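Please model the entire structure based on the sequences and the hints provided.
Now for the letters of each chain:
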Amino acid sequence: MATVLTNTSQFECDESEGGLWMSAQEMASQLDWELKPEGFCQGDTCVPVPPDRIHEFIRDDQVNVSAFWQHLGRPVASSTSSDVAVLGESATERNDALLSLEAPDFTLPDFNGKLHSLTDFRRQRVLLITWASW
Amino acid sequence: MQEQDFQIVSVAMDSDIEAARPWVEEASPTYITLVDQNHLLSSLYNMVNVPQAVWIDESGKIVRPTESGGSIDILREFDPEIGGFKPEAQQRAQAAKATYLEAVKDWAINGSASRFAFDAQASRAHTETMDDNAAEAHAWFRLGQHLMNHNRQEEADAVFQLCREKHPDSWNIFRQTTEKMDTGIAAGEGFWNKVMALGEKEYYKSVDMDGMP
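Here the protein sequences come in this chain order: U and E.
Following our numbering, the numbering of the first sequence begins with 7 at its first residue and continues without gaps.
Following our numbering, the numbering of the second sequence begins with 12 at its first residue and continues without gaps.
Please note: incorrect hints may appear among the correct ones.
Stated by the list, open to error - On the chain E side, residues computed to face chain U include the following (Cβ under 8 Å):
| id | residue |
| --- | --- |
| 1 | Ile19 |
| 2 | Asp25 |
| 3 | Trp34 |
| 4 | Ala146 |
| 5 | Leu154 |
| 6 | Met159 |
No lab work stands behind these hints, which were simulated from the structure alone.
None of the values given here were measured: they were computed from a predicted structure.
Yeah, the Cβ is synthetic: ideal placement off N, Cα and C, and Gly gets one too.
Here you go:
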């Protein structure tokens, strides 16, 4: 088993031969990507699976989310024992998001553990400013 | 300044919430203070240092992209003889902070009519993009953070080393993950060596704002 982390979620899946395997149904619920006849789809966007490499991505009813993620051009960071993996975001996606000028939303806790999202402050001007103890 | 129109969201980029907590308690701020242990904002907003700031308008549009929150680079004007920054440099840094603060106030009051709020074209032009290595570093940082939280410090250290190599421009990564002094500040020899190796680069990129020194 491996623990998989994304920006917003954490879940478990099967790990074998460097791949992270889960059912297509789980993938849809955890990562919001669906397996369809035309490929992996998120909303109207579909990414075809290269026919000659289909076994890297799909095996029985299992999907290799690690291979799929890298196929999207996104980074996968994995511990040496492959028991923890992070599915990251690509520079292109980050840059496109910033250049759209739509402020990327996030949810973070305050010092009492209460969660706040940027979108809680819609209809207000927000000065988002960072600091650190170090 | 009407509170219902303007909100300061201050975010501590601190792996260890307890390291940041005394600073918050000391300041007892009236604004929202959040903590970002995984440095998510570095990844989302391409942040590389603190303080960095983003201005976001009422509709959620970025009207000033990530930039130094009024701090300017005077690090190399440290004078060992007086054990501090040269007075001239300190004055310049104070003037920069004051200029930035006035601009924030102007925007808080006047919104899109403020001359300091960029239009879409200028906002895009001021947006700095990240490269693939930086994006990878953010993913690896998340992994390092998880390993550290699960008492796998040795593995975490190796991962953080990789992060520093992949994203050498990130002071957030460097200072968070390198040795701290007794004060908790990452301003030891490693830090100063890296500062001195900046050459033409600035520790804080200058802010494109009228009146900035």
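Hints, one by one, checked against the model:
1. Annotation: interface hint on Ile19(E) holds; nearest CB of chain U at approximately 5 Å, less than 8 Å.
2. Taking 8 Å as the C-beta contact cut-off toward chain U, the hint placing Asp25(E) at the interface holds, the least distance being around 5 Å.
3. With 8 Å as the threshold, the beta carbon of Trp34(E) comes within range of chain U, its nearest partner Cβ sitting at about 6 Å, so the hint holds.
4. At about 4 Å, the closest approach between the beta carbon of Ala146(E) and any beta carbon in chain U falls short of 8 Å, and the interface hint on this residue holds.
5. For Leu154(E), the interface hint holds, the least distance from its beta-carbon to any beta-carbon of chain U being 4 Å, beneath 8 Å.
6. Checking Met159(E) against chain U: minimum C-beta separation of about 11 Å lies over 8 Å; hint violated.
The structure shown violates just one earlier hint, number 6.
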